[in-house]
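> Sequence:
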Amino acid sequence: MRLLNHQRTLRPVACAVASLGMILVGSGVSATAAVTEASTPVPVTPPDGTVMSYVVNTGQANPGQTRKAEKAVTDAGGVVVQSWPEIGVIIAQSDRAAFRDSIKVTGKNVVASVGATRTAEVKDKVTGAQLPWGPGSSGWNQGKNKPVNGDEPTTPVPADGTDARESEQWDMKLIHSDQANTITDGSRKVLVGVLDSGIDPNHQDLKANIDVANSVNCTAGGRPSQAPGGWYPTTSDHGTHVAGTIAAARNGVGIVGVAPNVRLASVKVVNDDGFIYPEYAICGFMWAGERGMDVTNNSYYIDPFEFWCDDQPDQAAVREAVARAVNFSSAKGVVSAAAAGNSGIDFTMNTTDEGSPNDAPAPVDRTINQGCKDIPAQIPGVVNVSAITQTGQLAYFSNRGLGHIDVAAPGYRILSTIPNNKYGLKSGTSMASPHVAGVLALMKSAHPELTPAQMVEKLRADATKTPCSAPQLNNGAACVGTPELNSYYGYGIVDALKAVQ
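Under mature numbering (1 follows the signal peptide of the UniProt record, and there is no 0), the residues of the sequence shown are numbered -33 to -1, 1 to 468, in order.
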């Protein structure tokens, strides 16, 4: 999994080339070469008998096409785990090595693309109509847990938070949420989906705001499950920390979130081994849209690839399926914020991916091109958030890129909730994104008539225009652009007060 609190080995930043459709920013490297050079293939070739997970995308999104595609899955030797006819996506599992080739025959004129969602055999296997074992039940755990994006140990604060700690929240002052809260703490009508590792249901700062009826576990093969305890956190405190930044209650103890009166839904998309596979994220976005959520926070990138390439058939099919789910949720009124990532790279300059696939025995040191994207952060319409420090500098670990970052927010040593009524400090773009999700929740509270596109437009317009500055630790990715739009801050530092005015 790659939940995006910081603990990454920074990679060298290569030549500066622009993304597709953007102006070349500096460098002597040909933009055409960087864009057109093929990415390094990562073949997924499981032997017969190895159960793998796949997305199957139909040419049209309707129930009739989906039923035909479901039959094609079965005829090709697969099992349908979950169908999303609204977007023409089926999640399937199969132990047939030839499944992808077979379904192109059995699903001729119906299946547009098919792709493996991981390189490792699935643990959350589905047999016929039976529910998967394990992840849907509380306490399931197999094998060695994968670190949470290199999940650095949370730094606990002294004591357990029985005294109010609001004065320690420099981040809330920097984005003016303390001033915004004099106008509104947010509406109970607003629901924020926390797509993450689960939220502690008993934390004193969170339990009053958790919407149990709309919480779900998506790690049962990508099938939504509301089994008791399924959406609780197990091996990570990440989701509880993120939730506190968004909406820790104003109750006289602990901390106060950006929007302390809105509701939170725990949408668990991280399995207990620490992976966020595509089918989990698809389930999360679809659930958010179907349940009428207003905002989602996504402090992760989807495993097992940090960058999913459109010139690789498996990866392209996955990107298409995830984008369809994001677009569905947006059409239903959901606006989504996402962490930019902690590799310290400039999206317009990046030509290598050294950490993927992260579910393989060893990653492939691969060349990538500008058709390779970090998802969900680089899906159009998703608010891509970089991280800054208390001094307003870009954090050294934060990804960046002119035309790729929407806004910046605090993401360094952020105080928030962790399980068992405790509090701790975490750093990462994972911590920046929930500040933006909280601001969007306040904005929706004050302006319920706004559409997701209008909310993104207002968020950008309201941001505090910030000129280029040195990063906290300069690793060679110079800032380019103007105070109105640059590679570090995007349109500026998010402003909660303007969001509610």
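Bear in mind the hints are in silico, worked out from the structure with no lab data behind them.
Some clues are possibly wrong.
Said to hold, decoys possible - Computed beta-carbon distance windows for the label pairs: (1) Gly26 <-> Ala420: 22 to 30 Å; (2) Ala65 <-> Ala175: 46 to 54 Å; (3) Arg380 <-> Thr449: 28 to 36 Å; (4) Glu424 <-> Arg380: 25 to 33 Å; (5) Pro8 <-> Gly348: 28 to 36 Å; (6) Thr319 <-> Lys140: 32 to 40 Å; (7) Ala180 <-> Gln146: 53 to 61 Å; (8) Ala428 <-> Lys156: 22 to 30 Å; (9) Ala327 <-> Gln468: 32 to 40 Å; (10) Asn169 <-> Ser134: 38 to 46 Å; (11) Ala180 <-> Asp145: 29 to 37 Å; (12) Gly348 <-> Pro415: 14 to 22 Å; (13) Asp15 <-> Asn169: 17 to 25 Å; (14) Lys140 <-> Asp68: 39 to 47 Å.
Stated by the list, open to error - Here are the computed lysine-lysine pairs in the BS3-like style, where the Cα-Cα straight-line distance is at most 27 Å: (15) Lys140 <-> Lys156; (16) Lys389 <-> Lys140; (17) Lys299 <-> Lys425; (18) Lys38 <-> Lys90; (19) Lys75 <-> Lys35; (20) Lys389 <-> Lys38; (21) Lys156 <-> Lys432; (22) Lys140 <-> Lys465; (23) Lys71 <-> Lys35; (24) Lys92 <-> Lys71.
Beta carbons are placed, not taken as given, at the ideal position from N, Cα and C, and that holds for glycine.
> For each hint, tell me whether it holds in the structure or not.
Results of checking the hints against the structure:
1. Gly26 <-> Ala420: 22 to 30 Å: holds (27 Å)
2. Ala65 <-> Ala175: 46 to 54 Å: holds (53 Å)
3. Arg380 <-> Thr449: 28 to 36 Å: holds (29 Å)
4. Glu424 <-> Arg380: 25 to 33 Å: holds (31 Å)
5. Pro8 <-> Gly348: 28 to 36 Å: holds (29 Å)
6. Thr319 <-> Lys140: 32 to 40 Å: holds (38 Å)
7. Ala180 <-> Gln146: 53 to 61 Å: violated (33 Å)
8. Ala428 <-> Lys156: 22 to 30 Å: holds (24 Å)
9. Ala327 <-> Gln468: 32 to 40 Å: violated (49 Å)
10. Asn169 <-> Ser134: 38 to 46 Å: violated (25 Å)
11. Ala180 <-> Asp145: 29 to 37 Å: holds (31 Å)
12. Gly348 <-> Pro415: 14 to 22 Å: holds (20 Å)
13. Asp15 <-> Asn169: 17 to 25 Å: violated (46 Å)
14. Lys140 <-> Asp68: 39 to 47 Å: violated (58 Å)
15. Lys140 <-> Lys156: Given that 27 Å is the threshold and the Cα spacing comes to 25 Å, the pair holds.
16. Lys389 <-> Lys140: holds (22 Å)
17. Lys299 <-> Lys425: holds (19 Å)
18. Lys38 <-> Lys90: holds (24 Å)
19. Lys75 <-> Lys35: holds (10 Å)
20. Lys389 <-> Lys38: Violated, because 50 Å separates the two Cα atoms, which is more than 27 Å.
21. Lys156 <-> Lys432: Violated - the C-alpha atoms of Lys432 and Lys156 are around 31 Å apart, more than 27 Å.
22. Lys140 <-> Lys465: Measuring from Cα to Cα gives roughly 13 Å; hence the hint holds.
23. Lys71 <-> Lys35: holds (12 Å)
24. Lys92 <-> Lys71: holds (23 Å)
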